[in-house]
Amino acid sequence: MFKIVSGFVRYNTTIRMERQHSSVVRTPLDSVKVQRRSKSRSYRQSYRSCLGAASRLGSTPAFTARRLNTSRKAPKLHNITEKVNAEQLALLMKSEWKLSYVTPLYQFRHTQLKSYSRQLSAFIAAEKQQGLAVEVEGSQNSFRVSFSAVQGMAGTDDDAETVLIQIHSKSIFARQDEHQRLIWSGWLTCINGNPDYLRSLPKDFICLPLFGSSGSEVLTSSVQSWFQQNFDCCFGPLEISHTSLQWLVALWTNCHTESNIQHLKMIWSIPVVPPLQITYTVNPQDAWDLWNSVRKSPQEEKETEEEEGRSIDIEEVMQFMQGLKSHFYRHFRLDLSAGSLKQVSTALGSAKYNGRIKISNSKYMITTLTLLTEGALLKMPI
Amino acid sequence: MAATLNQSGPPDSDSSSLNDQSVSSRTSNRSLRIAEKERKKTEADDPVVTALKYFSDVEAGTPLYGNDEFENNLVVVERVAYSKGLSPEAISVMLEFAMSLRMGTSPCVRVLKCLIPASVVPQEAVVRAWVWLGVGKIPTSTQVLFIKWVLTIFDMIDAKDQLRAIYGFIFSFVTDENLVCVVIHLLTLVISLRVFRVRKLLELQSKLGRQSFLLHLLSLYKVFCPELVTLCIPSRMRSGFKNHNNPWKSALIGVQKRNGSQVGPSNGLVFTIKDKTVSRKRKQCHLELPVLRSVVNKQDQTESSSSRKVVPLVQIHSFAELLENMHRIELPAQMGSLLGSSLALQYLDCVQDESALLRLNFWLGYALHEEFLFCGDGGASQNTEDSQHFLNKLLFTQHFLQEGFFSSEAFLYKFLGVWDGSLLRPQILDLLSNIPVVPSIQIGQLLFEPLMQLFFTSSLFFKCGLMECLNNMLLKWLTWHSVYALEDDLDISLNSHTSINMTLSGFKDSVMELVHFVGRLASVGLQLEGCHSLFLSFVLDFYETVCDTFLKYGLPLVVTPPPGVFYPALLATDPVSVDRLAYIMYRYKVNLVSAKSQEKVTEQAFHISRQTFREFNHYMVVLVNCLWNSKMFHPGMDIQLGEELLLKSNVPQPWTSFDLIHHPAFMSYAVDFHQRCWPGRKDMDLNSIKHSKPWSWYLEYLYSQGYDGLKQIVPSNISWQLTAGDRQGNSLSAQQR
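From first to last, the protein sequence lines stand for chains F and B.
Using this note's numbering, you'd call the opening residue of the first sequence number 1 and step up by one each time.
Using this note's numbering, you'd call the opening residue of the second sequence number 1 and step up by one each time.
Be a bit skeptical, because a hint or two may be false.
What the hints assert, rightly or not - Calculated pairs, SDA-like style, for lysine to any residue (alpha carbon to alpha carbon, straight line, at most 20 Å):
hint: 1; chain 1: F; residue 1: K114; chain 2: B; residue 2: N297
hint: 2; chain 1: F; residue 1: K203; chain 2: B; residue 2: D353
hint: 3; chain 1: F; residue 1: K203; chain 2: B; residue 2: S355
hint: 4; chain 1: F; residue 1: K203; chain 2: B; residue 2: E354
These are computed hints drawn from the structure, not numbers from a lab.
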């Protein structure tokens, strides 16, 4: 680990390089791993291009054009705190969420949440004690499940209302008044989902493509299988792709003037033997200056459009990333484009490639969730 | 149930009007049955009849010990029971005798053990026996034996409505600890549901703990009333209730074998919860078919369907039931589960509900994507066995429905781009051949580009496989066309489920694109593989489909093969390929002639372009000139060689080198023929076959070897007027228009 104080004035960059494996001798297993990883990436890349191809099938409604948007609105300070229940909002920001995508739910009713709570708690109890039947109406369950709708958390009218699920454990020994412990929580949401896609679904379907969970894996899979059995949907892991992470880098940096991001930390992994992981931390002001310099239109123009919030283009994002990469190259002769971005974090939140996200600032939650919703919709099989 | 009809009438109706000669003139059904039996046999002195009469008439309290009459009669009945089985009437009589304890408890067990039905068991007898059970004098072990007997013969009971009616009565026996196991099993057969019963069972469960028989009844309740009970079946639960030490089974099977009857003993309900055979734990389970379950949250449906009762698909166990309830079947909670049972597939064929099909497609697409496209850990190679199993199931379904799912289609378009051409090749190619017609604008990008890359970079084996796949695809498209084409507006709806509507010309464009594409692939493929005869054979398969599009499938489209296919086939070294080419050309001709004549008669909108005729005629001339006329390398043909080059080659008479005698494919036949024709000759002169007499013999000889393609070409197209030795073949003409 070493610190570089570069002669270049603009950036004050801390760079930490670490070898994941200190040993020089490579076992064949590791090299296989590396290959696999790269293979999976090529699958994903081609998946996107193939989806593009499939989207040209204009005749079938099922093949709607779905890609990550190439341009999106700059994150605006959403007055989400006014619209959404503060308690629920606090819960959403409390933990790091493991993301999944969900195919549309069949016959899901926001009016039935109470009954779903009862069913799910009985289901979980039954799963816990394999082979013992559990009465749905019974109250002897050691779990209390509550479904609630998060009012006001939606981008447009097409979006279905966000659903929050909490599981509390009831200890037999706990006294009546004792606080029940929250052991699992999760949510299903759709923020600014592609309206063409949402409208192409029949009325029986509710599309809440983004599922976040926090808590034990066992409970997560119980909840998922209950949803699968009751709403005929499917859950799959959702990674935050390289491109989405780059988007987040730009979107979060863009907020710096309104809300200090404190640091911009990126973790890159470079496919070499042995695997190399690079932590690249940028001073927030430097990052913002660089970002400002790649923004297409000058400052004055921005003022005129301030009402709507200027949109950010993918090219700007790429230029910004290129700026960061070339700075790194200048110092270390290492081209980061060869590797991939695995993790991004700022004071506004952190996002990891393996689909874990933490949103620390409610003001920019909508923007982040919009991006993730897009990613989830991209994974839909049809 | 059908089997019962010819054996005996329904228990109630038979008594009304049947026989006035019934001697015993008793009013009860029981004796009427005996009377009927008597009438049937018309043998008053049948020992069985007398025995049964004894058991029905014997007074209560008759002593058992030293009672020879009883012993003799019982032996008679036992003998009949174990050899032929007892008639329904006999069952009634004997059961009544045993359960009423008229001669005490000791003969009861013996009688029960010999109650082997020959055909059916009257329901009423069983119900009466239950009533006797309620009287309560019967020892518990005998009660258990009786219930086990009911379980064994359950499927042979002629009607079950009254049994269902006394469900509550049967349920009351659950309280008896000794009986609970068998009774519950019986209850699983005689299903009828009340809320309090679930409670009762749950109480019982807390008392007895995990018992598989309890679990089975509860799981059955779950099938019928999913909203009442939630249950998670352990993966390794013993399936069903084992009818331990069942004294009737072997005898029953023996009797049934002898009688040729088909009603089997009940082995308990076939539970929908099957033992999962998965022994190793799989990380990803997206390839598992969901279990068939009924919908839990029905509240919102009540307003629409309160008037009609729906039957969940889970409750349907036979095709007859399916037909009966066709109009009111409720789809399962997870559509993917339909793929798991053949009965459900029958129903899926009739499902028109768009949402239901969308659910199925979401699930299927999800499974395919997760397994083959998103697999992060390179999992596809690790569980090929599971993947193969899954794809085979999917293929089976698609073949059964004769229709592809659009999610598998969308998946394939993506997958072709990353496929290495060897992973699960047979299954993927089979899936590919199921895709519906692709509009001609997209076909290149979606199909041809990835396939071309795969084709040119993979083995001969893959090339053959792909050729077969494309042939199947074309066959399916053409079949769709011939089924769905509407004569009036020349508009076809290709697929009842997706709303792709295609005009005839659009369809023709797609087919044409496909045929041209395969033509290009085949031409280059033949070159790459050095005209491999296996590959050539697959190519010719494809053209056998193409040449008959008009006559076989009614599609006014004729596309001739490219030179890259025609010449390798013509100059192939195996006679079969040459013969098949001749056959294909013959079929082209038949199709073209018929299209031409139809065009003249109906003046329909379609016409086949002059260019096609010209190409065909040209090929025909080449074929005939080459094989029959020995005019190879003549000016005007596609294959031309310079004079000097031909001279240099030192081949005598090069123009004859591809006629039917010198063609490499037929040379051996010519030699063989020469030897047979002129056995004495030492020096072989194949040209002597050219003389008109031996030539016609030679052709006959070739046809006799099975080369019908050649035969069909010759008489129709060539008038043979060759004068001896005239190798110019002065007046040969191909008589196509």
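Results of checking the hints against the structure:
Note on F:K114 and B:N297: the hinted pairing holds, with a Cα-Cα distance of about 12 Å set against a maximum of 20 Å. For the hint pairing F:K203 with B:D353, the CA-to-CA distance comes to about 13 Å; that is within 20 Å, so the pair holds. Distance restraint check for F:K203 and B:S355: the Cα-Cα separation of roughly 9 Å lies within the 20 Å cut-off, and the hinted pair is therefore satisfied. Taking the CA atoms of F:K203 and B:E354, the gap is near 11 Å; set against the 20 Å cutoff, the hint holds.
When each numbered hint is compared with the structure, no violation occurs for any of them.
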